[in-house]
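Got chain A; can you put chain B on it based on the hints?
Chains as they are written, first to last, in my numbering: chain A, 17 to 366; chain B, 17 to 366.
No lab work stands behind these hints: they were computed from the structure. Just to be clear, a hint being listed does not mean it is correct.
Note that the list lumps identical chains together, so a pair holds whenever it fits in one copy or between two copies.
[As the list claims (entries may be wrong)] Okay, derived cross-link-like pairs now, DSS-like style, lysine-lysine, Cα gap no bigger than 25 Å in a straight line: (1) Lys20 with Lys189; (2) Lys265 with Lys222; (3) Lys351 with Lys214; (4) Lys69 with Lys222; (5) Lys20 with Lys222; (6) Lys69 with Lys153; (7) Lys153 with Lys214; (8) Lys152 with Lys20; (9) Lys152 with Lys222; (10) Lys153 with Lys351; (11) Lys222 with Lys189; (12) Lys69 with Lys265; (13) Lys69 with Lys152.
No experiment lies behind these values; they were computed from the predicted model shown.
Below are the chains, spelled out letter by letter.
2 protein chains.
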Amino acid sequence: MSDKIRLASVGLGRWANVLARGVQRSDLIEIHSCYSRSEDNRAEFMATHGVPKSAVSYDELLADPDVEGVVLTTPNDTHADLVIAGLEAGKAVYTDKPIAQTLSDAFAIRDAVERTGGVFAVGHSARRLSGCRVIKKGIDDGTLGGVSLIEANFSNERGLELTPETWRWYLSKTPGGPLIQLGVHHADNLQYLMGPVKGVSAHQRKLYTESEVPDATMAICEFESGALGYLGCGWASPGIYQIRVQGTKRNLLYDLDFTHWDESHEADRWSTLQSQVYGEQERTPVHLPPTDMFREQLEEFGLAARGQATIEVDADAAIRALAVVHAAIASNEQKGRMIDVDEFLASAGG
Amino acid sequence: MSDKIRLASVGLGRWANVLARGVQRSDLIEIHSCYSRSEDNRAEFMATHGVPKSAVSYDELLADPDVEGVVLTTPNDTHADLVIAGLEAGKAVYTDKPIAQTLSDAFAIRDAVERTGGVFAVGHSARRLSGCRVIKKGIDDGTLGGVSLIEANFSNERGLELTPETWRWYLSKTPGGPLIQLGVHHADNLQYLMGPVKGVSAHQRKLYTESEVPDATMAICEFESGALGYLGCGWASPGIYQIRVQGTKRNLLYDLDFTHWDESHEADRWSTLQSQVYGEQERTPVHLPPTDMFREQLEEFGLAARGQATIEVDADAAIRALAVVHAAIASNEQKGRMIDVDEFLASAGG
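The following block holds chain A by itself, in its conformation from the complex (with noise of 0.2 Å):
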């Protein structure tokens, strides 16, 4: 057995499938087991990634010693007891966004975070592309002046090709539709950018998808500067991954093409980053440092297993990125009517 840290996937659909590349890309860390209901699944799995080891069951993976980190990457109704059975059996557990699909199965994680003192990390990726880095440096070190307005847009054709047999298909377990699966990496980028989100006020539609859920979203967002903040999602164009920040002293535009997206350790070379400065005509292109958004996150999550990372994105933090998403389906609900974040969060339960 090598000394890598030996982490498990469950749930394993495409998104396993991905994060899985992205572990074969590091020199510290390796799928030493995994587990899915489906045996085929486990065996293909196994096969394509070269995985020594699965599971029959969860408990049955989670019994064994060998196991330090579960992966988890299923639906996200499922998430709340599968992270606290991973933490009251000892292992460090990662889920993939959203944190759960309800704020009290996001607060029932939370506790038992604090109850069994384990690791818990949330994948909110995106804030480790290299263009959000880059901007949350240029905001910090003054490079951009003030900022007023932000604006993200992340989109993709999932809902044309929804089918009842995915889960989200379904209300039910997909509330809000491409704003909880895809605007939930930006209500946690424009957090980790501009600070807490005060205030949501938005509107969805359902125009194009067969499917039960909205596939246009957009959401104005308060943030507790003052700035304005803006997400858009839908579920129905080719795919688009954009941030655009406009300070007093420079705007910078970010641009991923998503036909990368899966290839994180491809992602900033098929990306731009534009810096526009006050008072200059041209617009000058800004370097990004090479970034791996999926090997990095679950590297960070495998050192901490073993307590020697912190984790940078933790369960208030991915609450937090919740809170606005359901704030939001809140909002639609009145009219567009801005709801804030803090009541709405007590009023939850939180």
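Structure of chain B alone, referenced to chain A:
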């Protein structure tokens, strides 16, 4: 005297000079006379643009039988009186956007147009930019498929440079700040592209300007088609002018380098339109046939004054753009609750 159509400039500030340069690029129209209260401004305008005449009062200018059309670039709250006097004197009248500051002024203008049967045009020039024309064609001919989301941003640094000597400093003269000065262009563009806006939900903040007006505004529009539109306008950052449309078959992403806005015959050279087709990896640039929005709109106006053209943006279209602005201001006062534009117009007396 040449056979060119003879226009007269009224209000000889910065914008009158931009439009005069547009006129000079035309073989059809010329500036024949001018008026502002300042004798110095009249003399300078005549010298700069080779204008043969000036008038010492607006009445004198309107009494000049050689003047076929009046081009107004005066503050928004002066439009109604000047437009109505011009129409009643039998002149064709062009006013820069917005049609007026208030909806009641705009209704008075519309009534005067109907009463006099005169020619009236509003300078919603931005829809004439090549990028907007090409997007319109792509929406109308089905190239984009069904459009679910459209985003527009028009921002510049104006709020950081305002002084109490300028009318834009005052909330009583510029309600909404960048929303009524810049955003009204996109309020027209969005409805030109997508049809009437049904509802508006908006937020505005005053963050960095020392003036009275907001410098950060965001609005979400619902079109009668059900699609959602976003309109961002700031006055506290370097300039941005963008439109992004997301269709089931194709996205179109339009970006104009705002620093080249004033020289409209060059604006398309500083613009890009990118096409992103469903299922294809690479974006492709779309050719932008050259346009010259200021020249073209004033040629249309001049020809209409002689009965040889139809005005594209008349009082009704301009009122619809202004209604979106004022509904957004009203929505902000109601925490972003979506305002029905037809009801809003009716309650304003329209």
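A quick look at each hint next to the structure:
no., hint, in the structure
1, Lys20 with Lys189, "neither (36 Å within a copy, 67 Å between copies)"
2, Lys265 with Lys222, "between (39 Å within a copy, 17 Å between copies)"
3, Lys351 with Lys214, "both (18 Å within a copy, 13 Å between copies)"
4, Lys69 with Lys222, "neither (43 Å within a copy, 59 Å between copies)"
5, Lys20 with Lys222, "neither (46 Å within a copy, 53 Å between copies)"
6, Lys69 with Lys153, "neither (42 Å within a copy, 57 Å between copies)"
7, Lys153 with Lys214, "within (22 Å within a copy, 40 Å between copies)"
8, Lys152 with Lys20, "neither (32 Å within a copy, 56 Å between copies)"
9, Lys152 with Lys222, "between (34 Å within a copy, 23 Å between copies)"
10, Lys153 with Lys351, "neither (36 Å within a copy, 32 Å between copies)"
11, Lys222 with Lys189, "within (16 Å within a copy, 39 Å between copies)"
12, Lys69 with Lys265, "neither (55 Å within a copy, 43 Å between copies)"
13, Lys69 with Lys152, "neither (40 Å within a copy, 57 Å between copies)"
Figure legend: structure checked against the earlier numbered hints; hints not met, in rising order: 1, 4, 5, 6, 8, 10, 12, 13.
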